[in-house]
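Trainee: Guided by the hints, dock chain B with the ligands onto chain A, whose structure is given.
Number of protein chains: 2
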Amino acid sequence: IKKKIFNENGVRGTETLIEGNTTNLREWNRIKYSWAKTFYRTMLNNFWIPEEISLNEDIKQFPLLTNGERNAFDKIISFLNFLDSIQSENLPNLSRYVTAPEISSLLNIQAFQEEIHAQSYSYILDTVTNPVTRDKIYDEWREDKQLLERNRYIANIYQEFNENPTTDNFIRTVTANYILEGIYFYSGFSFFYTLARQGKMTATSTIFKYINRDEITHLVLFQNIIKELRNEKPEIFTQAVLMQIREMMRTGVEHEIRWGQYVTNNEILGINDTLIEKYIKYLGNQRLKAIGLEELYPEITENPMAWIEGFSSLNQTKTDFFEAKVTNYTKAAAYDFDDLE
Amino acid sequence: IKKKIFNENGVRGTETLIEGNTTNLREWNRIKYSWAKTFYRTMLNNFWIPEEISLNEDIKQFPLLTNGERNAFDKIISFLNFLDSIQSENLPNLSRYVTAPEISSLLNIQAFQEEIHAQSYSYILDTVTNPVTRDKIYDEWREDKQLLERNRYIANIYQEFNENPTTDNFIRTVTANYILEGIYFYSGFSFFYTLARQGKMTATSTIFKYINRDEITHLVLFQNIIKELRNEKPEIFTQAVLMQIREMMRTGVEHEIRWGQYVTNNEILGINDTLIEKYIKYLGNQRLKAIGLEELYPEITENPMAWIEGFSSLNQTKTDFFEAKVTNYTKAAAYDFDDLE
Ligand SMILES: [Ca+2]
Ligand SMILES: [Ca+2]
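Quick mapping for you: the protein sequence lines, in order, are chains A and B.
Sequential numbering of the first sequence, starting at 1, is according to the working numbering.
Sequential numbering of the second sequence, starting at 1, is according to the working numbering.
Don't read these hints as lab results, they were simulated from the structure.
The beta carbon of each residue, even a glycine, is placed where N, CA and C say it ideally should be.
One or more hints might be untrue.
Partial list, derived from the structure: chain A residues whose beta carbon lies under 10 Å from chain B [stated by the list, open to error]: (1) Thr-23; (2) Glu-27; (3) Leu-107; (4) Gln-119; (5) Leu-125; (6) Lys-136; (7) Tyr-138; (8) Leu-148; (9) Phe-237.
Sample of chain B residues with no beta-carbon within 12 Å of chain A, all distances over it, derived [stated by the list, open to error]: (10) Lys-2; (11) Asn-21; (12) Trp-35; (13) Gly-68; (14) Gln-110; (15) Leu-269.
Here chain A stands alone, though its shape is the one from the complex (with noise of 0.2 Å):
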């Protein structure tokens, strides 16, 4: 049921994520669910500007890049500004449903966060290439089949909760989700942090390093939407839909693999079909834990790329000026992020 923009005949205590009878004004000192706290504040502190970090040492680098990795790279960043911009149009129709209003605030500052997102593959590709190739690659997916393929399957889940707002329908946009900023970013990542372990596009690389750090509250974020649907609403997790949020996770695991595989091609040093393949299928196995579902791959225990979990992390780089104070605010966080990637 779509909410009203305002309820004035909202009543405390009523709260739930979804069919809630609240007037949905925001009161953040009287919210239902207090861990939404501490993302607003991660958020918030989470903030960076991709203009501060400068690109002058990739400018040199770009043209040296092989044809195997300017091949990723293209197809990595079109793929990437496609997530990042349905993201931004997905999350507030997404909203409009939600009756919790400190979980739409979060929504909303999802959004704002995909957007600088977007924006920091503009900034990339009109400081590191030239205008042909930059346009080149955002209509990527106009001439890559693979692409469109992967584009469409996402956008199709999205768009119809946007035509048809069942239940049903919320559930797979809200797994979607979940597998979006869970899965699909991750090859991309990977990518990045292989280059720059060898010393090349380090600054972009650092760039995918903020852009992590944000999905993984996106993450954590649409764990705890989907935990505590379930935990107010069972009787929509039946069998059957528990069944479907695991079989999206292994098509979304698959495509992944399929995609990884597909950019890097097996040109990309330090990286290569097994690897994506074990990385990828490790953090499904994450993933569903994570929700309390039984992981899809128990063969994979460990994971292959485990050097990325410190790789990534924004405290081995260069401090910003935002840096000191999120560091000390996640470590006194009650939240625990630090186990996930």
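Mentor: Okay, now just chain B with the ligands, sitting in the frame of chain A:
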């Protein structure tokens, strides 16, 4: 027409504010409205965190406010919290019909800022009052018929578009947004600046200066949206529609005058019924002229509270860690925000 989350048949060069055939992907390097880039930059540079402003002094002063000041304080905060809350709910809805990705981005950033504003009221209430007073203030609209009537008037315009998204309702919602940003905040602001000018609640007033700085970008954003719409679709801006916009402004001005007089009740030193009336009418004239319409109150030719223009500027208060950058940026910006309050 509600846009698709992702429109794979989108064509470059078809971008318009509404009813364009755009992909909805973010591509900041090839946008139609070049002024959007300045807004993006300014809005990002304006980022602030309420808790950075210490309210210690205000804690001591709050109990010393006169009854008249307390009455105004309570009702104004309650109203402003309502305004920022419904903005957070309405902007995402509006955005779904906007087929200019850069404008959708700005609306998401605006929604983010409204969230900060709403949370800043929570911060003020939690810091300077106790939980009982705080709840009473949050719930003021449930008791105060005048306040509820105001809230209803605005919410109904937004709700109508929410349920029946015709082009006419789109224009009405955009106009309501413009009036809200350009008129409804201002008797509240002027009250807090009047207090601060006498050395009362100066930290709270600094928070309002930050909010005010954001609101100016929102105001000019909607100004530009109206101007571009009128440019692109002159046929929908018939004489009747233009008259309607002007009449909505008149209603907005009258509501705000009545409200300002009601909450201050001629009991606040430095502010009175006549000043409020002239000030709000002056603002009404300015807002209409800015979108190319004839002023409503030609007899009001100057700002009777002109001191606010200097006083509300953050450059005259203590600079925080964003300040230097912001000031520099604003100076460099091509867009002139200075002719606005
Ligand atoms: Ca995200
Ligand atoms: Ca605003």
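Trainee: Does each hint hold? Answer for all of them.
Mentor: Here is what the structure says about each hint:
Nearest Cβ of chain B to the Cβ of Thr-23 of chain A: about 8 Å, under the 10 Å cut. The hint holds. Taken as an interface hint, Glu-27 of chain A checks out: its beta carbon lies about 5 Å from the nearest beta carbon of chain B, inside 10 Å. The restraint placing Leu-107 of chain A at the interface with chain B holds, with a minimum CB-CB distance near 8 Å, inside the 10 Å limit. Annotation: Gln-119 of chain A was flagged as interfacial toward chain B, and the flag holds, the nearest CB pair being 5 Å apart, inside 10 Å.
This hint holds: Leu-125 of chain A has a C-beta 7 Å from the nearest C-beta of chain B, less than the 10 Å allowed. Below 10 Å, beta-carbon pairs count as interface contacts, and Lys-136 of chain A has none with chain B, the closest being about 12 Å; its hint is therefore violated. This hint holds: Tyr-138 of chain A has a C-beta 5 Å from the nearest C-beta of chain B, less than the 10 Å allowed. Against a cut-off of 10 Å between C-beta atoms, the interface hint on Leu-148 of chain A holds, since the closest Cβ of chain B lies about 7 Å away.
Among the interface hints, the one on Phe-237 of chain A is violated; its C-beta lies about 25 Å from the nearest C-beta in chain B, farther than the 10 Å criterion. With a closest Cβ-Cβ approach of about 8 Å to chain A, Lys-2 of chain B is found to fall inside the 12 Å limit, against its non-interface label. No Cβ of chain A approaches the Cβ of Asn-21 of chain B within 12 Å, the least distance being about 14 Å, so the stated non-interface status holds. The Cβ of Trp-35 of chain B lies farther than 12 Å from every Cβ of chain A, with a closest approach of about 16 Å, so its non-interface assignment holds.
Consistency note on Gly-68 of chain B: stated as away from chain A, and its beta-carbon is indeed over 12 Å from all of that chain's, at 25 Å minimum. A Cβ of chain A approaches the Cβ of Gln-110 of chain B within 12 Å, the least distance being about 9 Å, so the stated non-interface status is violated. Distance to chain A confirms Leu-269 of chain B as a non-interface residue, since its nearest Cβ pair spans about 30 Å, more than 12 Å.
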